[in-house]
Amino acid sequence: MFLYEPRSSGSLSTIQISRQHQLGLAGARLAAEAIAADLASNYQLDMEWSEAHLLEFKGSGVEGSLTLGESQLELEVNLGLFLLPLRSTLEQEILDYMAHRIPCPAG
9 MFLYEPRSSG
19 SLSTIQISRQ
29 HQLGLAGARL
39 AAEAIAADLA
49 SNYQLDMEWS
59 EAHLLEFKGS
69 GVEGSLTLGE
79 SQLELEVNLG
89 LFLLPLRSTL
99 EQEILDYMAH
109 RIPCPAG
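If you're matching positions, the sequence shown starts at 9 in this note's numbering and goes up one per residue.
I should point out that these hints are in silico values taken from the structure, not numbers from a laboratory.
Hints may be right or wrong, so weigh each one.
What the hints assert, rightly or not - The calculated SDA-like cross-link candidates involving lysine to any residue, where the alpha carbons are at most 25 Å apart (straight line), are:
hint, residue 1, residue 2
1, Lys-66, Gly-88
2, Lys-66, Arg-95
3, Lys-66, Gln-52
4, Lys-66, Leu-38
5, Lys-66, Ser-19
6, Lys-66, Gly-35
7, Lys-66, Arg-27
From just these sequences and the hints, can you work out the full model?
Structure (structure tokens):
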């Protein structure tokens, strides 16, 4: 089953994840809005929809974007210098969080 695909960005400071979903665009946007509210309150991230399907976020030592599609989402997280030692831990936490919030298609 295809759960996610880490993408090589050539930079140790960037986490890129591509994930399939069955929510459709409207459902993915609702899920993204719920995630944004959760992350904004728990991690003091500023979130803003810069386009209809592009959610950008920024916080202390981190910035990135979530791009929504009809059946897939693309997440890019750019880590600041102080978060680099936590990169693999943060990536696993993101994957676990997404697994609970955005269901994947069955294989």
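Check: Would the pair Lys-66 and Arg-27 pass a check requiring their Cα atoms to be no farther apart than 25 Å?
Finding: holds, 21 Å
Next item on the list: For the pair supplied as a hint, Lys-66 and Leu-38, confirm whether the alpha-carbon distance does not exceed 25 Å.
Entry: holds, 20 Å
Next item on the list: Take the C-alpha atoms of Lys-66 and Gly-88, compute the straight-line distance between them, and say whether it is at most 25 Å.
Entry: holds, 11 Å
Margin query: With the threshold set at 25 Å, check whether the alpha-carbon distance from Lys-66 to Gly-35 stays at or below it.
Written below: Measuring from Cα to Cα gives roughly 23 Å; hence the hint holds.
Item checked: Given hint Ser-19 paired with Lys-66 - CA-CA distance at most 25 Å -> OK: Lys-66 and Ser-19 at ~18 Å, within 25 Å.
Note to self: Can you confirm whether the C-alpha distance between Lys-66 and Arg-95 stays at or below 25 Å?
What the structure shows: It holds: about 16 Å lies between the C-alpha atoms, which stays within 25 Å.
Item checked: Pair hint outcome, Lys-66 versus Gln-52 [Cα-Cα no greater than 25 Å] -> holds, 9 Å
The structure shown violates none of the earlier numbered hints.
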